[in-house]
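Note that the protein sequences, when read in sequence, are chains L and V. Note that this note's numbering has the first sequence beginning at 43, numbered continuously upward. Note that this note's numbering has the second sequence beginning at 116, numbered continuously upward.
One should not assume that every hint holds.
[As the list claims (entries may be wrong)] Cross-link-like lysine-lysine pairs, in silico, DSSO-like; alpha carbons within 27 Å at most: (1) V:230 <-> V:284; (2) V:329 <-> L:90; (3) V:319 <-> L:90; (4) V:253 <-> V:230; (5) V:328 <-> V:208; (6) V:411 <-> V:161; (7) L:90 <-> V:230; (8) V:323 <-> L:90; (9) L:90 <-> V:316; (10) V:253 <-> V:438; (11) V:328 <-> V:294; (12) V:284 <-> V:328; (13) V:284 <-> V:329; (14) V:231 <-> V:454; (15) V:329 <-> V:319; (16) V:161 <-> L:90; (17) V:208 <-> V:454; (18) V:208 <-> V:438; (19) V:230 <-> V:342; (20) L:90 <-> V:411.
[As the list claims (entries may be wrong)] Simulated coverage check for chain L against chain V, where a stretch passes if three residues somewhere in it have a Cβ under 8 Å from a Cβ of chain V: (21) 166-180; (22) 287-297.
To be clear, the hints were calculated from the coordinates, so they are not data collected in a lab. Just so you know, even glycine gets a beta-carbon here, dropped at the ideal spot from N, CA and C.
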Amino acid sequence: MKKKLLAGICAVTLVGSASLVFAGRLSYDNGGGITNSPHNMPAYLQAKGAAPETSQLCVFCHTPHNATGSGEAGYNPLWNHKMDTSTANFIPYEGIDVNDPDYIAGGGDTSFNALNGFGAGAYDVLKGPSRLCMSCHDGVTAIDAFSSGNNSVTLSYADSYDKKIMIGENISDNSNPASSNYFGATRDLRNDHPIGFSYIDVADGEDALGMAKDINIRNYATPVTTWLGAGKTSVAQIKDVLFKGEFLTCSSCHDVHNTDGTKTAGGSFAKPLLRVTTDGSALCLMCHSK
Amino acid sequence: MGWVKFYGVLSRDVCLKKSFFVLAVACIALSGCAAKEARKSFFYPKPPNSPHLQYLTSFSIGRDLEGERLFPFLHANADKNNIIVKPYGIAVKNGRIYVTDTALSRLMVIDLNEKKFSPVDNPLIALRLPANLNLDEKGNIYVADTLRQEIVIVDPMLQSSTAVGNELKMKPTDVAVTKDRLFVVDNDQNELKILDRETGKLIKAVGKNSDPKKGLSLPTNLMLDEKNGFMYITNQGTGKVVKMDLDGNILKSIGGFGDRFGLFSRPKGVFVDDDGYIYVVDAGNQVVQIFNQEGKILMFFGQRGSGPGTLDLPADIFVTREKIDYLDQFVDPGFVREKLIFITNQTGPRKVSVFAMGHAREEAANSLEAVNPQESIPEQKKIP
């Protein structure tokens with residue numbers, strides 16, 4: 043297993059040199075807050091020659107919630123005139139709740155599910171804040187650092203495309219089909235990490251991902267202060283980085299508020315916006331016990 | 116395609132065995148009408164409003180179109196490759212849906228007349244990160260490839276390709292074609308670049324302005340209304356859709372960041388149909404909103420989830436009046452289809468969703484048993 047984790051880190055490191063097109067424009071300080079991070083969208087826009095309309099940093103991720111009373115009359119859809127407009131805000135980002143019958147398996151569309159290979163275990167991979175990340179990190183607006191597919195296990199269509207969202211896609215050598223890093227040829231995705239599933243189920247020994255399990259996952263209540271360094275209080279246990287205390291999301295590894303960087307062990311930088319440095323595999327060892 | 120084997124449908128086939136028999140029996144016994152009876156129609160807007168839109172169907176894998184196989188092993192290889200993983204751009208012509216797949220770096224052609232998925236794996240058409248695409252009058256396919264940093268032009272027979280615009284160092288995300296020009300969105304430079312269609316040479320660039328009220332701001336998708344001389348462009352930087360003249364002057368803008376009607380959080384695909392209705396896809400709110408030329412919202416449709424009528428990170432949209440026979444079977448007998456709407460979803464089980472726009476049949480207006488999926492979705496807490 044150790045070997046596998048190391049391989050993962052190597053591959054992940056390669057991504058850093060990804061494509062020039064997507065190379066972050068802004069140099070930033072780790073731990074410098076959003077102002078001092080690539081998510082300072084006003085600064086990002088300025089760097090590209092378009093002045094921002096707002097100097098606010100938060101609106102890009104925390105969509106302003108418009109009070110129902112504040113809606114202009116003109117906002118009420120002409121064809122939905124019989125609608126109860128008091129409850130009519132869109133509900134951005136949130137994934138489907140664990141118990142929500144709407145997601146795939148419970149969707150009630152049984153012939154569709156059967157045809158597409160979605161069985162009882164299907165779930166929303168982008169649960170929690172991950173859908174928010176992917177709305178920008180779609181490969182068009184911002185770097186698309188994930189893909190789907192996995193060559194280490196045999197997965198069904200539904201498994202490989204909808205249970206696993208991958209990170210750090212290695213597209214550094216896509217020009218050369220002979221290269222093992224070629225995106226299309228071998229889909230070498232050792233660097234990818236599944237998200238959206240219940241950490242607790244996995245730590246309890248359940249086979250949540252339907253794959254051979256040879257990974258030692260720590261109990262979700264394990265204190266993590268030793269990795270995060272002194273003075274860090276917002277994350278005390280592993281479960282504090284899990285959505286609703288349970289689900290692994292992009293935010294389990296990334297701190298987009300860029301608050302804690304400089305406090306990581308050894309004072310080394312934990313770019314890109316990681317909660318814990320990757321030095322000595324500290325990030326991985328937060329959850330994996332070997 | 117060596118890698119295809121990693122998408123093994125093996126375990127899937129095993130788990131499908133049971134349902135396979137059930138389906139086979141159903142097909143023989145009820146020959147097709149079973150599906151019709153079981154189907155509920157999903158309309159927008161929500162009743163008691165009269166329906167303007169019906170969800171029809173979705174496509175993700177070849178078998179969505181071809182149906183379950185009686186002898187799956189005969190088709191194993193094709194089935195493994197006939198998949199869409201992460202679609203972005205979409206265009207429809209003559210019953211064919213053209214979709215880019217950013218994860219598999221290729222084009223997929225779904226032929227609804229032939230009932231066939233045709234992945235374009237031709238090495239002479241090596242796309243890398245294909246975003247939006249558009250067709251010209253002859254059926255040539257223009258693809259904005261953000262990693263190749265150029266517009267790739269694929270011939271209608273899908274045999275070969277050429278490319279233009281590489282020397283401009285763009286990050287092209289969308290392209291539209293006129294008789295003698297190419298209109299290209301350069302997401303990186305916040306510009307709309309107008310190229311000569313023959314030579315690919317830059318004629319002029321418009322839209323760059325340090326005043327956000329006058330220029331583009333992280334533009335992604337473009338709709339060119341050539342006849343009337345307008346362009347509609349979505350902007351991630353302002354959360355707005357702007358209507359511009361061909362010189363890049365903003366005539367009107369719709370939206371801004373928010374979660375109410377008429378506002379967006381991640382406006383992407385935009386389309387203007389022949390009635391002048393403006394459709395805007397929002398990947399943040401998982402909806403499409405429809406506006407009239409005054410910028411007034413007419414209705415919205417779509418919602419988060421995985422059931423019929425849901426959208427999941429929707430990206431691009433295409434609207435057409437084309438008649439596609441295959442889709443007629445999904446139209447509710449009480450509903451009259453006027454236009455067809457095609458939408459790509461970057462994730463979830465429905466990669467290409469198809470809706471019909473139209474109206475209730477006069478005599479059936481009251482008897483439509485409309486079901487709106489919105490009702491079954493509990494309110495959820497948002498990120499503060």
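Verification of the hints:
1. Restraint check: the Cα-Cα separation between residue 230 of chain V and residue 284 of chain V comes to about 39 Å, which exceeds 27 Å; the hinted pair is violated.
2. For the proposed pair residue 329 of chain V and residue 90 of chain L, the alpha carbon gap of about 15 Å is at most 27 Å, so the pair holds.
3. The suggested pairing of residue 319 of chain V with residue 90 of chain L holds, with an alpha-carbon distance near 18 Å, which does not exceed 27 Å.
4. Proximity of residue 253 of chain V to residue 230 of chain V is assessed by CA-CA distance (about 22 Å); at most 27 Å being required, the pair is judged to hold.
5. Restraint check: the Cα-Cα separation between residue 328 of chain V and residue 208 of chain V comes to about 36 Å, which exceeds 27 Å; the hinted pair is violated.
6. Straight-line distance between C-alpha atoms of residue 411 of chain V and residue 161 of chain V comes to about 19 Å, which keeps the hinted pair within the 27 Å bound.
7. A threshold of 27 Å between alpha carbons decides the hint, and for residue 90 of chain L with residue 230 of chain V the separation of about 45 Å lies outside it, so the pair is violated.
8. Restraint check for residue 323 of chain V and residue 90 of chain L: the C-alpha separation of about 10 Å stays at or below 27 Å, so the hint holds.
9. In summary, the hint linking residue 90 of chain L to residue 316 of chain V is supported, as the alpha carbons are separated by about 23 Å, within the 27 Å threshold.
10. Under the criterion of a C-alpha separation no larger than 27 Å, the hint pairing residue 253 of chain V with residue 438 of chain V is consistent with the structure, at around 19 Å.
11. Between residue 328 of chain V and residue 294 of chain V the alpha-carbon distance is near 30 Å, which puts this suggested pair outside the 27 Å criterion.
12. A hinted pair counts as satisfied when its Cα atoms are at most 27 Å apart, and residue 284 of chain V with residue 328 of chain V qualifies at roughly 26 Å.
13. A distance of roughly 24 Å separates the Cα atoms of residue 284 of chain V and residue 329 of chain V; the hinted pair therefore holds under the 27 Å criterion.
14. About 22 Å separates the Cα atoms of residue 231 of chain V and residue 454 of chain V, which keeps this hinted pair within 27 Å; it holds.
15. Of the supplied pair hints, the one linking residue 329 of chain V and residue 319 of chain V holds, its CA atoms being roughly 17 Å apart against a limit of 27 Å.
16. Taken as a hint, the residue 161 of chain V and residue 90 of chain L pair is broken in the structure, with Cα atoms around 42 Å apart against an allowance of 27 Å.
17. Restraint check for residue 208 of chain V and residue 454 of chain V: the C-alpha separation of about 13 Å stays at or below 27 Å, so the hint holds.
18. Taking the CA atoms of residue 208 of chain V and residue 438 of chain V, the gap is near 10 Å; set against the 27 Å cutoff, the hint holds.
19. For the hint linking residue 230 of chain V to residue 342 of chain V, the alpha-carbon distance of about 33 Å lies beyond 27 Å, and the restraint is violated.
20. Of the pairs offered as hints, the one joining residue 90 of chain L and residue 411 of chain V is violated, with about 31 Å between alpha carbons and a cut-off of 27 Å exceeded.
21. A count of 10 residues in the region 166-180 of chain L with a Cβ less than 8 Å from any Cβ of chain V is obtained; the coverage claim is therefore met, three being the minimum.
22. Restraint check on the region 287-297 of chain L versus chain V: 0 residues with Cβ-Cβ distances below 8 Å, three needed, restraint violated.
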